[in-house]
Amino acid sequence: MVTYEMKPGRNFMIRLPKGGDILNVIEEFCTQEDIRSAALWGIGALDKAVIGFYDGKSGEYLPITVDGPLELASCIGNVSMKDWKSHVHLHAVLSDREGRCYGGHLMPGSVIFAGEFYVRSLTGSPPERQPDAETGLSLWSKGEKS
Amino acid sequence: MVTYEMKPGRNFMIRLPKGGDILNVIEEFCTQEDIRSAALWGIGALDKAVIGFYDGKSGEYLPITVDGPLELASCIGNVSMKDWKSHVHLHAVLSDREGRCYGGHLMPGSVIFAGEFYVRSLTGSPPERQPDAETGLSLWSKGEKS
Amino acid sequence: MVTYEMKPGRNFMIRLPKGGDILNVIEEFCTQEDIRSAALWGIGALDKAVIGFYDGKSGEYLPITVDGPLELASCIGNVSMKDWKSHVHLHAVLSDREGRCYGGHLMPGSVIFAGEFYVRSLTGSPPERQPDAETGLSLWSKGEKS
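Chains as they are written, first to last, in this note's numbering: chain A, -11 to 134; chain B, -11 to 134; chain C, -11 to 134.
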């Protein structure tokens, strides 16, 4: 297990702008506020969702596009450093008019209808993502700079 | 984007009472403890769930009733001010005996079997909900009092 | 309602080890760091999931095994005391290659592919689980030691 003990940072409640790409919008917010490490959570609705399923064989996320309107029933994620930039990692559960759910790794192209997030920034040495040979993912690692 | 920087408030772990209406119970708790702004999360089980899907055309939540027993696989939300009162906004993912999921905006009529929530209150000027013409929703806004 | 007001404790971002049993791994971490009370959240992917649906009649969790690979679309939970030990209670939503979701109470046998968790420990008198006659569950109670 790789563990990072962090110190409490700032606390934000944010309302996301209609029409924005959810990952872009949050990444810009983090860059602007110099948030290098955070936990974040949100609810709302999306006009369109692109969710990824990680395929271990190809080492790629297979995108699943779900046309909206959709409720954003759950969105949980974190901010850490990747290539010396604030990187946002979010997983989401969307639900449709019948309540049916779609879940996965949130990808670019997911368009906000409405969104309310709580961002809890953390300070201290932020986790940094490095390529991980075992999974093919970019994971938090310590002292294994590639 | 509308952002609110908040200060850390109080921290509660709460066990919800069997048979209570989840939104009522949490709203009463917030009123009693004078919580005007918070992030909250919970897990548990429900005897019955009413989840809403927002229909942008009618500007109304279409209710979906799911009879229990159901696991409350996820519940994420926030507290902010609406009409000068503490207002609780929760989204939930429920799951049935086969693990099948139902998600959406939690509505009145959702009955607790068991529930364990973590409430993190925030202080400072709380977000306030105002009618939003673009979406038809009641959203956090600044200086646009209706 | 049973409420516990807690004080802020330590903050951890942790990366779970591939191949580990998610409940074991987190329970060991809590024991090692002497975490008796916490809220925690995670995302990632599992090689296999065992999720439970609580059957009120038998008073047992019916296990549902879902073979992976699966995205861990949401994982929310808490740490409290049970039988004088740190006890981890997690609910999860998993999603498959088509984005289809499976949710419930996370059970032993759920195997990590990758996992990123935020653990917020809380201090003060931790909630303690005691058998609850009304639900058949082990719930937070005060002064009703069995």
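Heads up, some of the hints might be wrong.
Any copy, or any two copies together, can satisfy a pair, since identical chains are not distinguished.
Listed next, the in silico DSSO-like pairs over lysine-lysine satisfying Cα-Cα at most 30 Å (straight line) [to be verified]:
(1) Lys6 with Lys70
(2) Lys(-5) with Lys45
(3) Lys36 with Lys(-5)
(4) Lys6 with Lys36
(5) Lys130 with Lys45
(6) Lys70 with Lys45
(7) Lys(-5) with Lys70
(8) Lys(-5) with Lys6
Source of the hints: derived by calculation from the structure; they are not laboratory data.
Here's how the hints hold up against the structure:
1. Lys6 with Lys70: both (27 Å within a copy, 21 Å between copies)
2. Lys(-5) with Lys45: Neither: 37 Å inside a copy, 45 Å across copies.
3. Lys36 with Lys(-5): neither (36 Å within a copy, 33 Å between copies)
4. Lys6 with Lys36: Classified as within: same-chain Cα gap 12 Å, cross-chain 32 Å, threshold 30 Å.
5. Lys130 with Lys45: within (25 Å within a copy, 48 Å between copies)
6. Lys70 with Lys45: within (23 Å within a copy, 41 Å between copies)
7. Lys(-5) with Lys70: both (20 Å within a copy, 28 Å between copies)
8. Lys(-5) with Lys6: between (32 Å within a copy, 26 Å between copies)
Hints 2, 3, counting from the list given before, are not met by this structure.
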